[in-house]
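Sequences and hints are given; from them, build the entire structure.
As given, the protein sequences belong to chains A and B, one line each in that order. Start counting the first sequence at 1; every next residue gets the next number (our numbering). Start counting the second sequence at 210; every next residue gets the next number (our numbering).
Don't take every hint at face value.
Here are the in silico distance ranges between beta carbons for each label pair [claimed, not checked]:
| id | chain 1 | residue 1 | chain 2 | residue 2 | range |
| --- | --- | --- | --- | --- | --- |
| 1 | B | Leu352 | A | Arg142 | 37 to 43 angstroms |
| 2 | B | Ser332 | A | Gln60 | 52 to 58 angstroms |
| 3 | B | Pro215 | A | Pro43 | 18 to 24 angstroms |
| 4 | B | Val337 | A | Glu124 | 48 to 54 angstroms |
Read the hints as simulated data drawn from the structure, not as lab findings. Backbone N, C-alpha and C define an ideal beta-carbon position, used for all residues, glycine too.
2 protein chains.
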Amino acid sequence: MKSGIPIPTLNRLPLYYREFRRAVDNGIETMNSKELGARLFMPDTQIRKDLSYLDEQGRQRVGYDTRTMASYLEDFLGLMDEKQAVLVGVGNLARALISYPEFRRYGLQFRALFDNDPDKIGSELAGVKIVPVERIENLVQRLSVRIGIITTPAEAAQMVADQLIAGGVIAIWNFAPITLKVPAHVYVVNENLAIDFAKLSHHVQKAKV
Amino acid sequence: MKSGIPIPTLNRLPLYYREFRRAVDNGIETMNSKELGARLFMPDTQIRKDLSYLDEQGRQRVGYDTRTMASYLEDFLGLMDEKQAVLVGVGNLARALISYPEFRRYGLQFRALFDNDPDKIGSELAGVKIVPVERIENLVQRLSVRIGIITTPAEAAQMVADQLIAGGVIAIWNFAPITLKVPAHVYVVNENLAIDFAKLSHHVQKAKV
DNA sequence: TAGATTGTTAATCGATTAACAATC
DNA sequence: TAGATTGTTAATCGATTAACAATC
Chain A
1 MKSGIPIPTL NRLPLYYREF RRAVDNGIET MNSKELGARL FMPDTQIRKD
51 LSYLDEQGRQ RVGYDTRTMA SYLEDFLGLM DEKQAVLVGV GNLARALISY
101 PEFRRYGLQF RALFDNDPDK IGSELAGVKI VPVERIENLV QRLSVRIGII
151 TTPAEAAQMV ADQLIAGGVI AIWNFAPITL KVPAHVYVVN ENLAIDFAKL
201 SHHVQKAKV
Chain B
210 MKSGIPIPTL NRLPLYYREF RRAVDNGIET MNSKELGARL FMPDTQIRKD
260 LSYLDEQGRQ RVGYDTRTMA SYLEDFLGLM DEKQAVLVGV GNLARALISY
310 PEFRRYGLQF RALFDNDPDK IGSELAGVKI VPVERIENLV QRLSVRIGII
360 TTPAEAAQMV ADQLIAGGVI AIWNFAPITL KVPAHVYVVN ENLAIDFAKL
410 SHHVQKAKV
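See below:
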């Protein structure tokens with residue numbers, strides 16, 4: 001693998017993984033770039049280019065071995081390892097995430113949940129304890145957790161992020177509607193539902209005129 | 210407004226809206242491109258370029274009027290109108306979306322919820338009736354709904370999308386892990402939690418080595 | 001006026017796409 | 001072998017960034 005994979009390519013790799021995995025599940029042994037492109041509505045040339053950044057190669061006249069590619073990407077994306085995470089802000093969204101079955105398949109494990117509501121603290125959700133936010137840094141550090149999920153209101157998110165990072169988190173999944181300030185080694189994926197909704201809204205708005 | 214606003218710019222407009230809105234709420238009357246850039250970690254030149262696509266302009270030596278820009282973007286993004294939506298697949302995620310307060314502020318209203326579980330059908334969630342999926346096309350049409358939200362498993366998503374579109378939906382918010390095939394006039398926003406998680410996962414994986 | 005900040009033009013950068021040699 | 005499909009080189013396209021004239 002060359003080191004400089006373009007970010008747009010990196011963002012598409014999970015998509016390819018999904019298709020290869022599905023093909024394997026359906027007993028399809030090989031898939032060429034044209035077939036894959038048809039499924040994902042992308043030019044085949046983009047797929048070949050993207051996959052050429054990887055160590056694993058296709059075979060001329062045949063295409064890509066679905067099982068090989070699926071397991072290579074699984075490894076590349078780190079999906080087969082157990083990954084420990086904590087979540088801060090136990091609301092409806094948190095409940096949905098914790099019970100999302102796809103995540104368990106990808107090795108995501110919740111080690112602790114944090115909240116500042118005394119009524120929630122001490123209880124459990126899906127077998128995971130709810131703990132006061134004051135303990136974030138300490139507990140993250142003790143558990144060696146690398147992934148933090150923020151589902152708090154916007155006002156609390158930056159402070160929460162700071163504490164997660166202080167505890168050793170290097171990847172943050174941010175559901176709060178705010179742009180977080182983080183050091184360079186920390187990777188943030190923003191999941192901004194309100195902003196995505198604004199895009200939908202704009203499309204409907206445009207269509208009215 | 211020129212017609213050809215680049216897609217990356219369109220995707221950033223909701224971000225600008227959010228900052229202008231927050232500034233207004235904090236009593237800040239003007240903001241220049243450098244300040245805005247600092248808040249969003251973007252070059253000021255990108256912000257000026259993006260905003261130059263809009264009809265509303267900034268003022269030299271002053272910057273942008275926050276109230277003007279917020280309300281212009283609110284209008285442009287269609288956030289002030291009531292927008293009717295239906296949702297298909299009443300699980301945990303659906304519950305989280307329906308109770309997400311941000312959406313109500315943006316004018317999102319749920320008119321109907323669809324599911325195929327007999328235990329759910331007939332009951333209500335947040336005051337909205339749960340109806341059999343067989344009635345999607347008919348009900349969407351009767352209610353003139355333009356936005357459909359899909360929170361079903363992957364297997365059902367394409368069929369659901371087809372029915373939503375048949376009923377008149379032109380904007381789909383897809384939470385199912387599948388690439389939907391839709392006609393050109395239909396706009397799809399994919400919210401792929403598993404794929405975004407894979408990005409986080411990859412970052413943690415990389416850091417291990 | 002001098003200085004600051006815009007909007008825009010031009011330069012750069014990077015990603016996508018087309019074309020094709022390699023090869024199984 | 002002939003044909004199909006890859007991986008890669010080169011061309012194109014589009015977005016970002018730098019530079020700066022306009023102007024308040």
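- Query: So does Leu352 (chain B) sit 37 to 43 angstroms from Arg142 (chain A), Cβ to Cβ?
  - Reply: violated, 52 angstroms
- Query: Has the hinted range 52 to 58 angstroms been met by the Cβ atoms of Ser332 (chain B) and Gln60 (chain A)?
  - Reply: Cβ of Ser332 (chain B) to Cβ of Gln60 (chain A): about 57 angstroms, so the range 52 to 58 angstroms holds.
- Message: Tell me if the beta carbons of Val337 (chain B) and Glu124 (chain A) are separated by a distance inside 48 to 54 angstroms.
- Response: violated, 30 angstroms
- Message: Is 18 to 24 angstroms respected by the C-beta to C-beta distance linking Pro215 (chain B) and Pro43 (chain A)?
- Response: holds, 20 angstroms
The structure is inconsistent with the numbered hints 1 and 4, although it conforms to all the rest.
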